[in-house]
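Q: Since the structure of chain A is provided, determine the placement of chain B on it from the hints.
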Amino acid sequence: MTSQEFKDILYNGVWKQNTGLVQLLGMCPILAVSSSVVNGVSLGLATAVVMALSGAAIAPIRNLVPNEARIPVFILIIAVLVTVIQFAMNAYMYSLYVVLGIFIPLIVTNCIVLARIEAFAAKNPTLQSALDGFAMGLGLTCVLAVLGGIREIFGHGTLLSGIDLVFGEAAKSWVITVVPNYHGFLLAILPPGAFITLGMLIATKNWLNLRAERKLKGANATITPVDGGCAPAAH
Amino acid sequence: MLFSPFISKPDSVSAIMLKVLLALLPGIAMYVWYFGPAILVSITLASITALSTEAAMLKLRGRPIAPFLKDNSALLTAWLLALSIPPLAPWWLVVVGTAFAIAIAKQLYGGLGNNPFNPAMIGYAVLIISFPVHMTHWLAPHGLGDGGLVLAELSYAQQLQYIFSGALPQGLTLDAISMATPLDTLKTHLHLEESVQQILHMTIYGQIGGHGSEMVAWGFLFGGLYLLATRIISWHIPVAYLGTLFAIAGIFHLVDPAHYVAPLFHLFTGAAILGAFFILTDPVSSPTTNKGRLIFAAGAAFLTYMIRTFGGFPDGVAFATLLMNIAVPLIVLYTQPTVFGKKAQGDKP
Chain A
1 MTSQEFKDIL YNGVWKQNTG LVQLLGMCPI LAVSSSVVNG VSLGLATAVV MALSGAAIAP
61 IRNLVPNEAR IPVFILIIAV LVTVIQFAMN AYMYSLYVVL GIFIPLIVTN CIVLARIEAF
121 AAKNPTLQSA LDGFAMGLGL TCVLAVLGGI REIFGHGTLL SGIDLVFGEA AKSWVITVVP
181 NYHGFLLAIL PPGAFITLGM LIATKNWLNL RAERKLKGAN ATITPVDGGC APAAH
Chain B
1 MLFSPFISKP DSVSAIMLKV LLALLPGIAM YVWYFGPAIL VSITLASITA LSTEAAMLKL
61 RGRPIAPFLK DNSALLTAWL LALSIPPLAP WWLVVVGTAF AIAIAKQLYG GLGNNPFNPA
121 MIGYAVLIIS FPVHMTHWLA PHGLGDGGLV LAELSYAQQL QYIFSGALPQ GLTLDAISMA
181 TPLDTLKTHL HLEESVQQIL HMTIYGQIGG HGSEMVAWGF LFGGLYLLAT RIISWHIPVA
241 YLGTLFAIAG IFHLVDPAHY VAPLFHLFTG AAILGAFFIL TDPVSSPTTN KGRLIFAAGA
301 AFLTYMIRTF GGFPDGVAFA TLLMNIAVPL IVLYTQPTVF GKKAQGDKP
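Chain order of the listed sequences is A and B.
By my numbering, the letter at position 92 of the first sequence is numbered 92, and the numbering carries on one by one without gaps.
By my numbering, the letter at position 328 of the second sequence is numbered 328, and the numbering carries on one by one without gaps.
One should not assume that every hint holds.
Claimed, not checked - DSBU-like, lysine-lysine: derived pairs with alpha carbons at most 30 Å apart:
| id | chain 1 | residue 1 | chain 2 | residue 2 |
| --- | --- | --- | --- | --- |
| 1 | B | Lys-59 | A | Lys-205 |
| 2 | B | Lys-59 | A | Lys-16 |
| 3 | B | Lys-343 | B | Lys-291 |
Hints listed in this document are in silico derivations from the structure and should not be mistaken for laboratory results.
The shape of chain B in the complex, shown without the other chains:
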């Protein structure tokens, strides 16, 4: 029997982060199902790097190591970064990115709770600027290899060999075994004066987005809804982000459907769903006011669409997040709610 008062113990940082990690699992499962287990290697590499970098930095800063390592926040950064870079990449790529994210983007700013930018997205930005070649060769989904999307499909052992030694089987180049992302392919073919309808007939595309990757997006959506249901994140950021992205893409699509792809495509390709539920909602680098969250997410959606459609990078979620991160202090300043019992700002005599 329960007695009042019902005082609930708020979740610790560690428990919240653990739930977010759990929520990533459906997406990761879909990833493995469609693209093979190479992603698990990068997640493991990123996790080990993140934890050891975090421990080394904490030691340098003279902070207690064990309690901060146990808060799982470094692991979350590692997983998000590993999920945003190609699984078929040399091992040092993910190691450099994760170490940079933890050491510079997180610990140098003062550790958990003090970083103005999302560390995982800083890691991604550093990698895509420094190693554009490695960052744009993606694995093709199963069953579309062998003459379909890519010339040949590597066995898992061959993938492992490539990740750790950089050696490809005789006669194969990196271009032969990898593909561009669905977003990138769309952009390239639009430049070749093809219409959206023609392009979407390519085998790389599935029902809504990219073949395979759209299912990964469904997995992340499922995990995101779990986070909403357990109230770990509020609805403001995901709804405002996906809503704005849908609206902008919808307007462009209605005006010129041959050049601008349907809005649902934008939601289910790239990192839109992952960004809406897992990246933009980072409690440290996103606004604390609800109105601020709406503005923040809408701005990020606008920038994502602009970078994707008119920019040169394969996806815009990372840069959109970082650019809006800069604006967070200003957004929070201007969206302070009126304190209960005080008059609203406009009422001042």
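Chain A on its own, in the form it takes in the complex:
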């Protein structure tokens, strides 16, 4: 794998085809567990691991699986991997396992996993497939982190609450109180808050893309751009 290929796959997964903001796949866990940063990042990372492993497991056998039977075979492999992750979390992070609950086994049915297997791992070599799965999962984790962060700040006025579920009792002091004596804004924690915040994030990404596009066009159109010419020097 060339370094250009590496960069492309990573950029594709984290930004250009972000699962949460562009492909809009696997909305159910994105909306349901993003009520805090810790919940969101935990599920995002679990999904990323499953995606990387399933990419690595399916890519080598992609030529052996008959086309007609590929979906059940893929799903079985993904299910095995999810079960491994689930048992591991049950054993080592029990309280977090309880919080995330049904959404861990549901990673199997998360369409983003199967979608990447179908779209990428079934056609590409092992290493690239594993990286693609991980990059996609990382993109999802980023969205869940931002979404969870915004909802947590607006809803409870805190950040990183529940971090002790991951790192033990000692981590309780890591919780950041952003707004002291906050009344709480229940809507942000409830499902409508998830929809509204995700909508805002998608709008922000589209706006950033649009702005980048305009800048590119502006730079190409004028040979000696006054603004563009100064900007790189300033950096």
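A: Coordinates of chain B only, in the frame set by chain A:
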């Protein structure tokens, strides 16, 4: 001397909205008379928030600001929202609600004419879901304070102080100076196995509805009739809404008068009159066909009654409006009138 042809210039959006605002004034006057001027503070706060949010959103969207600000529609949203939340609430409550209504429920959908939901009711729904405690403490009418309905009545200066700083006079809690709405009180006491007749003897109730609030409802009815007379709204929505609410409440009342309050009570408490003439008739989020309007309003009345009687919220008008707003495109689709000169749908060969 007048000459034909008599071409009348249709009212602009701005003029219509101004007339609707005017029509709200009798109700607001009654409100001030019975409950004190705190409502004027919330109306002012809501108006300022609405106009500045509208201007900020228009600027962000790259639209001209002045013509849209002058159409008075943001002001109407602000007034309706301020009238549906308790006047004795911290200032940020009305500001958050109005900003949400204008920025998200109106401008994000494309501004005036494009919002599928009534913005004021979205603001109300957001507030009652997020801040149930602040949204259920209402001012008691004058003269019923001091041991009657509430333990103590605040002076206007004390009310202002509470709205802006959240501080109450020494020794008083929010519960001591506020009351639940007549509808809420009825529901609570029905749960305590009291009969409707016993409950209505409480000082909180007046001739038909709640003491004081029934007069506010009369004020809104007066303003609503003015809107009907000037043909700003058609009769379909108010008549279908109030008629259906009366009919459903009447049936329940006839079957079991001890548990279901009289239909007139339902018309004159809560936001029924305000909803029938001012909220449901929003030209943007209500159906455009007359048959559709009847269905829309009847459905809203049914939902209002169900939420009030069997639901957990103090009043059902806001949620009923929002739920029926969702159905508007479907209602309009199925109630298209036959175009003149064409055969009715059933006649097709």
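Q: Tell me the hint numbers this structure goes against, listed in increasing order.
A: Of the numbered hints given earlier, the structure breaks none, since each of them holds.
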